[in-house]
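Here's the letter readout for the chains.
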Amino acid sequence: MAAASSSDSDGGRAESSEANSKWLDAHYDPMANIHTFSSCLALADLHGDGEYKLVVGDLGPGGQQPLLKVLKGPTVLRENPLPALPAAAACFLMEQHEPRTPAIALASGPCVYVYKNLRPYFKFSLPQLPPNPLEQDLWNQAKEDRIDHLTLKEMLEGIREKAEVPLSVQSLRFLQLELSEMEAFVNQHKSKAIKRQTVITTMSTLKKNLADEDAVSCLVLGTENKELLVLDPEAFTILAKMSLPSVPAFLEVSGQFDVEFRLTAACRNGNIYILRRDSKHPKYCIELSAQPVGLVRVHKILVVGSTQESLHGFTHKGKKLWTVQMPAAILTMNLLEQRSRGLQAVMAGLANGEVRIYRDKALLNIIRAPDAVTSLCFGRYGREDNTLIMTTRGGGLIIKILKRTAVFVEGTGEMGPPQAQAMKLNVPRKTRLYVDQTLREREAGTAMHRTFQTDLYLLRLRAARAYVQALESSLSPMSTTAREPLKLHAVVQGLGPTFKLTLHLQNTSTARPVLGLQVCFLYNEALYALPRAFFKVPLLVPGLSYPLETFVESLSTKGISDMIKVLVLREGQSIPLLSAHINMPVSEGLAAA
Amino acid sequence: MRTRPGLPTSPPRTHGRTYKIQFPAESAESQKSRQKKAPEFPILEKQNWLIHLYYVQKDYEACKAVIKEQLQETQGLCEYAIYVQALIFRLEGNIQESLELFQTCAILSPQCADNLKQVARSLFLLGKHKAATEVYNEAARLNKKDWEICHNLGVCYIYLKQFNKAQDQLHSALQLNRHDLTYIMLGKIHLLEGNLDKAIEIYKKAVEFSPENTELLTTLGLLYLQLGIYQKAFEHLGNALTYDPTNYKAILAAGSMMQTHGDFDVALTKYRVAACAVPESPPLWNNIGMCFFGKKKYVAAISCLKRANYLAPFDWKILYNLGLVHLTMQQYASAFHFLSAAINFQPKMGELYMLLAVALTNLEDIENAKRAYMEAVRLDKCNPLVNLNYAVLMYNQGEKKGALAQYQEMEKKINFLKDNSSLEFDPEMIEMAQKLGAALQVGEALVWTKPVKDPKAKPRSSSTSKPVTCPQPLGSNQALGRAMSSAAAYRKLPAGTGGTQLTKPPSLPLEPEPTVVASPAEASEEIREK
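Protein chains in written order, with the numbering used here: chain A, 1 to 593; chain B, 1 to 530.
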């Protein structure tokens, strides 16, 4: 693996040597098989030996094999299977005792699994939600067989329509059943207490009472039933509970629980809610008008990435500060903190494979990764202070180290006029011929104009004559007279010598039916034979297309074809209403014979 | 195989997995007791977070896979999975399918305003605005404080042409929460009603609220441009360009302003950026063409204009410019075709008939030229050049009376313009008018106070005076050509751009500046060079 990684990283360096000069390529493994998100990455000194490890809540390929992975350097130190997909991972100190080894917390489904020394230590489950009392009552009645199934169904549907508290899964499933299945279902489930369980959607940590880096921290959970919970680090009891108007998707925490803290939750309804200590409900609200894809706090500014391919900066009171447009969709975001230089910046992984680093609006650096980066994490790894860990959509792992000499300067990214300004305009060239013609026009413009006008008048005259002639002899396939608005078109099918001729006759008037029409075929009797050269047309209902079929036999043996004229006549009138000329195809049947 | 605790289909595997971890809570005892009892139900919302995450990352394939799995597991009960599936359908353009799924969601949880909002949105996208407003109103009953409902209701009312209701809804949306989009929509209503001042008012507020929104800045700039407040227009367009130097609309508008001031080279460099971003834009190529025209590169100008015409064959402004350039090139037969095509698309503009008349005069079709002039005089209300050119033609035909009448008409228009605007008159026009005045013996009636003070006027009039030899046949072809091309410069001032929509960048620089006017002799040199 080492050989492969070095050659790969060489390729990457050559590609964008200048932009990457701030970074050392420590490791690249495209086949690391890590599929995860930024929220499932954490760095921690798990053994208290100063060697920082990477904790990964891995979804596994296709989200099928959830694993807890602990990496030391480029190698996997430990792998534990997980019962369900991990939503978030965090490392936190549970108590003050020495040695100070942080615990790993993995949020998955309704539980938080806590590991100490890489061993399972505790499982915290979210408390059951209170069921709807009416629903509870109904099932109790069912248990004692005091209610029949149809009534039960009706009552439950009534609750679903109106009640604030949603139904349990059991009731919802029951409502889907056919009549025949109800009995068995009720008998199987009636003795069970109805349950409503929620799941964890996001997790973060909050310092308990000290701001130090190695202080005891509480876990903060966001749940599917629109609540935020703060857990006690030792007893795992719920210290505080806050409700939100929507389901939290990303969480950002600052402050200390016992002093003052601020929780910022980006929610599924596209809003960001800011809560403070002592507030049970959101204090400020930011409406994004798009979905947030990441939430990072840089000093006092909240940076939000939205699905509209942009980063927005907000104050901690929700006032909009700035917006930066990205060249591609944002996949993930995280904080870059270089303590030695006091730098805090935002990293954003984009769908085009770039990782962009911004301080406020200013672009500091672009890293071009070989694949779209889906998770980012920056911090101390191994014994190196400034390490950037990235995983890609294809499951690759990239580790880069920030050079100790590297200084981020604003304006190294895109600045000045756009590149396109230097490009030449693509003006179409003109040929010598064009120039010659121009000169000719200049000399003889008047004559050209006159000739043209004369020809134009002649053309118009001829067109008008032809039109009048067509109208006079009813040659057109459309008749627009007030009494008989008709449309005709004909189709010839077959190879010969027998053809099928289908006339589609349509009455285009809106309401009046047409009666008393006749169709007559005119043809050369030496070449063709028709069973009926003349027949009556039935009553034509407005709007419908009537197919009138007739067979045509070609008599010629020499492969000659001729025209057949179709005339539509009104009874008692010799002038046709309309006519069609059908060019018959050459009979191929004879040619073959 | 993924583990699914409590799923009826695969209980043994589930237990095997959970055993491995051996958490204190998951004791073997509790598992045994569970086996005997009825199977547990899966938690419906178990993977909602994952669905949402894939959705916002726009990884729709992965998202659909999780949704499918989740729906199988919950037998179609997971509302959020259906919801996101419907959103994805909508993004893929299957609006009808998305509507049906959202309706399913609304059945699963009828108290949720969000589902109704999405149903309404899909209806809206299907063009059923009436039905959409009904559903939105229902949603508004469930959630009274949602700006999105108000905003979308407002947009629906716009499409239903109920502007008052739309304004009410949009204003209440602004009260709930301010969003750029709402401002844009409100501005649009005012524009649809033709109320520019109110629209500017709204956009001003919007720019105050979000000063970096380039769309707002550009629109405001364009509105100022329409009203002729050039200073402010340029300011806002410039701001838009500092935030987004590749903003196509702003580039076009700012470029057109530079062109009117004769900064053709600066305008061209700006257009290069736009040409990279939107290489097939007819107004852009039109403007580039007129830049070259201003720089007296006529062949290039014709090339660019012809490309613009190819891209937008029904745009009369491009045809107008083509006619103008061909007149300058003395290609009168071609000019006639372009101008008559332009008249077919825009039969209500006096200047077009005047240009056509000039072309016809040069094609020695005096009769038709006169008829064109008559039409031009009938349609035009404020351009003195129409009358001047007509007067010159009549004078040359020996109809002194008619010429005098037109001359007086022209004087009226000039006096009106002098009173009402600070516009400078083209020195060539003045010169021609003075000559005609002398020839008609009306003399000094007109006082060209403003233009004469213009320092630029003198050198130019001296340089271009050579072809016309007064008092002899007044208004030779060349003089006419010049007077005519400067005519276009006037058009933008009082005529106003009635037809131009706001959304579309204006192809304003139709009008070449007076400086552009070149004598045909130079033009032919240009050709020889190439």
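Among the hints, a few may not be true.
In silico DSBU-like pairs for lysine-lysine, Cα to Cα no more than 30 Å straight-line [unchecked claim]:
(1) A:Lys-280 / A:Lys-319
(2) B:Lys-68 / A:Lys-424
(3) A:Lys-162 / A:Lys-319
(4) A:Lys-162 / B:Lys-198
Selected chain A positions facing chain B (Cβ under 10 Å, derived; list incomplete) [said to hold, decoys possible]:
(5) Arg-78
(6) Thr-202
(7) Leu-331
(8) Arg-393
(9) Gly-395
Since the hints were made in silico from the structure, they are not lab data.
In this text, a Cβ means the ideal position worked out from N, Cα and C, and glycines have one as well.
The hints, checked one at a time:
For a cut-off of 30 Å, the pair hint linking Lys-280 of chain A to Lys-319 of chain A stands: about 21 Å separates their Cα positions. For the hint pairing Lys-68 of chain B with Lys-424 of chain A, the CA-to-CA distance comes to about 51 Å; that exceeds 30 Å, so the pair is violated. Between Lys-162 of chain A and Lys-319 of chain A the CA atoms are separated by roughly 37 Å; this puts the pair beyond 30 Å, and the hint is violated. At most 30 Å may separate the alpha-carbon atoms for a hinted pair to count; Lys-162 of chain A and Lys-198 of chain B exceed this at roughly 45 Å.
The closest approach between the C-beta of Arg-78 of chain A and any C-beta of chain B is roughly 13 Å, which is over the 10 Å cut-off, so the hint fails. Interface hint status for Thr-202 of chain A: upheld, as the beta-carbon distance to the closest one in chain B is roughly 7 Å, under 10 Å. Taken as an interface hint, Leu-331 of chain A checks out: its beta carbon lies about 5 Å from the nearest beta carbon of chain B, inside 10 Å. The beta carbon of Arg-393 of chain A comes within 8 Å of a beta carbon in chain B, closer than 10 Å, and the hint placing it at the interface holds.
Taking 10 Å as the C-beta cut-off, the interface hint given for Gly-395 of chain A is violated, the closest approach to chain B being about 13 Å.
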